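K.L.:
In order, the protein sequence lines correspond to chains A and B. For the first sequence, position 24 (counting from the first letter as 1) is numbered 24 according to the working numbering, and the numbering increases by one without interruption. Take any residue in the second sequence, note its place counting from 1, add 1000, and you have its number in the working numbering.
Because the hints were derived from the structure by calculation, they are not lab data. The reader is advised that the hints may include incorrect statements.
Simulated restraints, written as ranges between beta carbons of each label pair [to be verified]:
1. T1193(B) - T35(A): 48 to 56 angstroms
2. W46(A) - A1086(B): 37 to 45 angstroms
3. L22(A) - L1263(B): 32 to 40 angstroms
4. D156(A) - L1029(B): 23 to 31 angstroms
5. V174(A) - Q1234(B): 52 to 60 angstroms
6. A171(A) - L1271(B): 47 to 55 angstroms
Note that this is a predicted model, so its numbers are computed, not measured. Glycine included, every Cβ here is placed at the ideal spot set by N, Cα and C.
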Amino acid sequence: MMPHRRHVLPVFAVLLAVTIVLPILAVIPVSFTPTSSFAISSPESWSPRWYRELLTNPVWLDSLVSSLRIALLAALVATVAGTMAALGLRRVRRTHRVVARALVTLPLLIPLVVLAVGLYAMLIRTQLVGTTAGFVLAHALLGLPLAFITVSASLDALDDNLEQASRGLGAGPVTTMRLIVLPLVAPGVIAGALFAFVVSFNEVVIAGFLGSPYLRTLPIEMYSSMTRSTDPTVAAAATFVAALTVITAAFALAAMSWRRRHLTRKD
Amino acid sequence: MGSAVLSGAQRRRPRRIQGELALLAPAALLLAVGLAIPLGLSVWLSVVDTTGGVNGYVWLFSNPVYLEITLRTFSTAALTALVCLALGYPYAYAMLTAGPKMRVFLLGCVVLPLMISVLVIAFAWLVILQPGGLASKLFPLGLGDGLLGTLPAVVLGLTHILIPYMILPLYTTMRSVDPKLVPAAMGLGATRTRAFWTVFVPLTIPGIASGVVFVFVFSLGFYVLPQLLGSPRQALIGQTIHTQVNDLLAWGRAGALAVVLILGTAAVFALLTGVVRIVGANRRGGRS
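Chain A extracted, bound-state conformation (with noise of 0.2 angstroms):
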């Protein structure tokens, strides 16, 4: 009855895809806006007005580079931990890596505002809210199981003969794992610490327990920003903040892409 029937399902496919991704763009016009309002403006009267702000404020500026901080630590613990991790599961019994596994992947299951209340408990008594410690125990909790997902995906693909070949040569389980499997599984471990640096950065769940008057993330500049005010300085924030993770995870999903097309060869 209907004459394109078959086209109904990929125009809503395409309909919902695109209701994803435009609303997102929405921020960048506010950003250039010239007026001091959330209004999206026309690209004729964009002005810079806003980043300059973000970039000279003390207040911004302040907030950006802590969180840039927190990010890289959390990122570097998630990382060494999740890598260690993963090279240390690959031989156990299946059921107990099952359960490894599970216990690993926990962080990102429990609700966050959960986790953020029970750290929040324990940091107040150990007297860490507020610092940069203690922000970066939570973040890279958040960070471990991407780092390790991506690691042991890594590890997965790795062909098992090359390790035996190098310990048939003679070289030692130590020079094997840094000759020979660190540098093949080096594009994964990259692709894990980009993935916990992007969950560290955009945070702010936990980050609006933790946080103090002296160190804030800019997640909750931002938050705090929105709920009080209509500065537009948050728009920029927010464009910046995107275009960060965007690119970011960019270049994890090449990292990954450039392990599958070189190192996953058998022939």
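Position chain B against the provided structure of chain A, taking the given hints into account.
P.N.:
Then chain B, alone, in the frame of chain A:
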């Protein structure tokens, strides 16, 4: 070192496995300090800490307002999961049946909200739904106006953020369904619709279940987005926990709310895992 305590099975395995297990130490430490102790502390506080002499659970279950908040949180999460499923299932099916280029486009669009910050998405909707914003210009009949500060706006925002967690497991499951099954059913006389609903959809139940679990569990934990797009009069558990801890220092109450949230999450998880197992067992039993 402790070879005396190793079981026979473990002793037979090469020694260096024991050494490799030491590599787990940093992750184990991180999980213990960052996850086990904080969660344990929350549970402990929910039992022992009192505010004005009242235990957190007593407060929660004797206070209709907070029971209502709990119910509202779980029903908002369920509604979000349903909306994600209703939109995500045809989307995933479109990805399955699309050509390679179209598939990459659809996949790219759905991966975007997975990485973009919750704040950016909440801000985008704040801009669109604000009075005199894009929504009120596009829908001048009042459809767009007045959405901000309501529960539907919260569901809209949550759906936007969480729909990848529905679509990706659905797509993965759909890809694992043997593409010859639906044509086979049609060859045996079923109509296309009947073949789709009685052959294809039941085989994708594991994907539906994991998508629903992900979306449901994740929507329980938000407080920033409901705070920005919703109304304080229709608060959800996340916001209530934040207020109880940060403004009132009522640790027992926050702990009790957190425990309710975890138990609810675990119950949904167990329920849907059970559904998948029963469906799987029935299918195997029915065919053999």
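K.L.:
Report the numbers of all earlier hints that the structure fails to satisfy, in ascending order.
P.N.:
The structure breaks none of the hints.
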